[in-house]
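Engineer: Sequences and hints are given; from them, build the entire structure.
Top to bottom, those sequences are chains A and B. Counting from 1, position 54 in the first sequence corresponds to residue 54 in our numbering; the numbering is continuous, with no gaps. Counting from 1, position 67 in the second sequence corresponds to residue 140 in our numbering; the numbering is continuous, with no gaps.
Please note that the accuracy of each hint is not assured.
Dumping the calculated DSS-like pairs for lysine-lysine here, alpha-carbon to alpha-carbon at most 27 Å [to be verified]: (1) K91(B) with K13(A); (2) K77(B) with K89(B); (3) K241(B) with K38(A); (4) K77(B) with K13(A); (5) K81(B) with K72(A); (6) K223(B) with K38(A); (7) K33(A) with K300(B); (8) K34(A) with K77(B); (9) K89(B) with K34(A); (10) K300(B) with K34(A); (11) K305(B) with K38(A); (12) K38(A) with K91(B); (13) K140(B) with K13(A); (14) K81(B) with K13(A).
Derived coverage of chain A by chain B (criterion: at least 3 residues anywhere in the stretch with Cβ under 8 Å from a Cβ of chain B; other residues may be distant) [unchecked claim]: (15) 6-19; (16) 36-48; (17) 55-66.
What the hints contain is simulated information worked out from the structure, not anything from laboratory work. We put the CB at the ideal spot given by N, CA and C, even for glycine.
Letter by letter, the chains look like this.
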Amino acid sequence: MAIKGAIVVDTEKCKGCGVCVVNCPTQTIALAKKVNSKGYPYCYMENPDTCTGCGNCAIVCPDSVITVYRVKI
Amino acid sequence: MDVKDIIKPENLVYSKSKVLTDTVMHYCPGCSHGVVHKLLAEVIEEMDIQDKTIGVSPVGCAVFAYKYINIDWQQAAHGRAPALATATKRLYPDKYVVAYQGDGDLASIGTAEIIHACNRGENIVVIFINNAIYGMTGGQMAPTTLLDMKTATTPYGRSVELNGHPLKITELVAQLEGTCYVTRQSVHTPASARRTKRAIKKALENSAQKKGTSLIEVVSTCNSNWKLSPVKANDWMVENMFPFYPLGDIKDR
Chain A
1 MAIKGAIVVD TEKCKGCGVC VVNCPTQTIA LAKKVNSKGY PYCYMENPDT
51 CTGCGNCAIV CPDSVITVYR VKI
Chain B
74 MDVKDIIKPE NLVYSKSKVL TDTVMHYCPG CSHGVVHKLL AEVIEEMDIQ
124 DKTIGVSPVG CAVFAYKYIN IDWQQAAHGR APALATATKR LYPDKYVVAY
174 QGDGDLASIG TAEIIHACNR GENIVVIFIN NAIYGMTGGQ MAPTTLLDMK
224 TATTPYGRSV ELNGHPLKIT ELVAQLEGTC YVTRQSVHTP ASARRTKRAI
274 KKALENSAQK KGTSLIEVVS TCNSNWKLSP VKANDWMVEN MFPFYPLGDI
324 KDR
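Structural biologist: Written out as structure tokens, the structure reads:
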């Protein structure tokens, strides 16, 4: 059974620390080239296909900006 | 499968704890405080003790913890959080009392308070954030600063002759009869954050069972004052902090 995941980032609250990027086991997340209104490059799903919805990014996020969804297909 | 089909309420597996407020944290990007706040809020939510928990915030970066975690809070004078927590717990024995302190607060000016609160075995939980530096005031040397570590007040590195040895306060309080659970954790990886969450839960349960004082040291980063990026600060912590501050349970009974 395959598992697919997705994350939703509160881009305005993200401070672009990049801790989620290095802790993502599937290299799904990257920091955006754009910045939010505070000037931080927010994180986003660069490779949405590889996300498994493990939630590792969300648990290490200091600002709790990541919401995780997972579905079995 | 399209991302829009995955992002549906029935597929939700992780979201921000309801015990956390919507206020944007003032901490620097990548600060360990945010993760520890979140873990504490998640444990409070899981144990359903939001209306039974009283936090004591320290002086230091975590002074504004009361803005971020939606429980009752008090704010103690510098280093006096264990004393205030003692009074709170004695007045409200049915509540869960959590003192949240940094290393400049707990290991320096508050050494007397923490040693005596632990020695009396007050049924409180102490969360001790150790980032080996004074964060809020601009990166001065703390008692926990590592040898040869450069800070604003030790620009050539901490030396034994001038500044003495780093203080392992967690090992110190583990020797006291009053403590029941003393552990050292970190929050730099998902696995370590989950272990810290389990430790916080255990400490709160110990407090309910009146087993004594529980102290959780969280070896943390202060990337702004260490002058490193958040990710590099985590690597620096693994390389330099962990050999001196080894992770794991020091006392559990």
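Engineer: Below or equal to 27 Å on CA atoms is what counts here, so check K89(B) against K34(A).
Structural biologist: holds (24 Å)
Engineer: Within 27 Å, alpha carbon to alpha carbon, are K140(B) and K13(A)?
Structural biologist: Judged against 27 Å, a Cα distance of about 15 Å means the pair holds.
Engineer: Within 27 Å, alpha carbon to alpha carbon, are K77(B) and K89(B)?
Structural biologist: This hinted pair holds, its Cα atoms lying about 20 Å apart.
Engineer: Holds or violated: K223(B) with K38(A), Cα cutoff 27 Å?
Structural biologist: Distance of about 30 Å is beyond 27 Å: violated.
Engineer: K81(B) and K13(A): Cα distance at most 27 Å?
Structural biologist: holds (21 Å)
Engineer: Going straight from one Cα to the other, do K77(B) and K13(A) come out at no more than 27 Å?
Structural biologist: Since the Cα atoms of K77(B) and K13(A) sit roughly 22 Å apart, the hinted pair holds (cutoff 27 Å).
Engineer: For the region 6-19 of chain A, do at least 3 residues have a Cβ located nearer than 8 Å to some Cβ of chain B?
Structural biologist: Satisfied; 8 residues make the cut.
Engineer: Going straight from one Cα to the other, do K81(B) and K72(A) come out at no more than 27 Å?
Structural biologist: Holds - the C-alpha atoms of K72(A) and K81(B) are around 13 Å apart, at most 27 Å.
Engineer: Does the alpha-carbon distance linking K305(B) and K38(A) stay inside the 27 Å limit?
Structural biologist: holds (22 Å)
Engineer: Assess, step by step, whether the Cα of K38(A) is no farther than 27 Å from the Cα of K91(B), and give holds or violated.
Structural biologist: Answer holds: K38(A) to K91(B) is near 25 Å, not above 27 Å.
Engineer: With a cut-off of 27 Å on the C-alpha distance, tell me whether K34(A) and K77(B) pass.
Structural biologist: holds (22 Å)
Engineer: Can you tell me if the region 55-66 of chain A counts as covered by chain B, using C-beta to C-beta distances under 8 Å and a minimum of three residues?
Structural biologist: The restraint on the region 55-66 of chain A holds, since 11 of its residues have a Cβ under 8 Å from chain B and three suffice.
In this structure, the earlier hints numbered 3 and 6 are contradicted, and the remaining ones agree with it.
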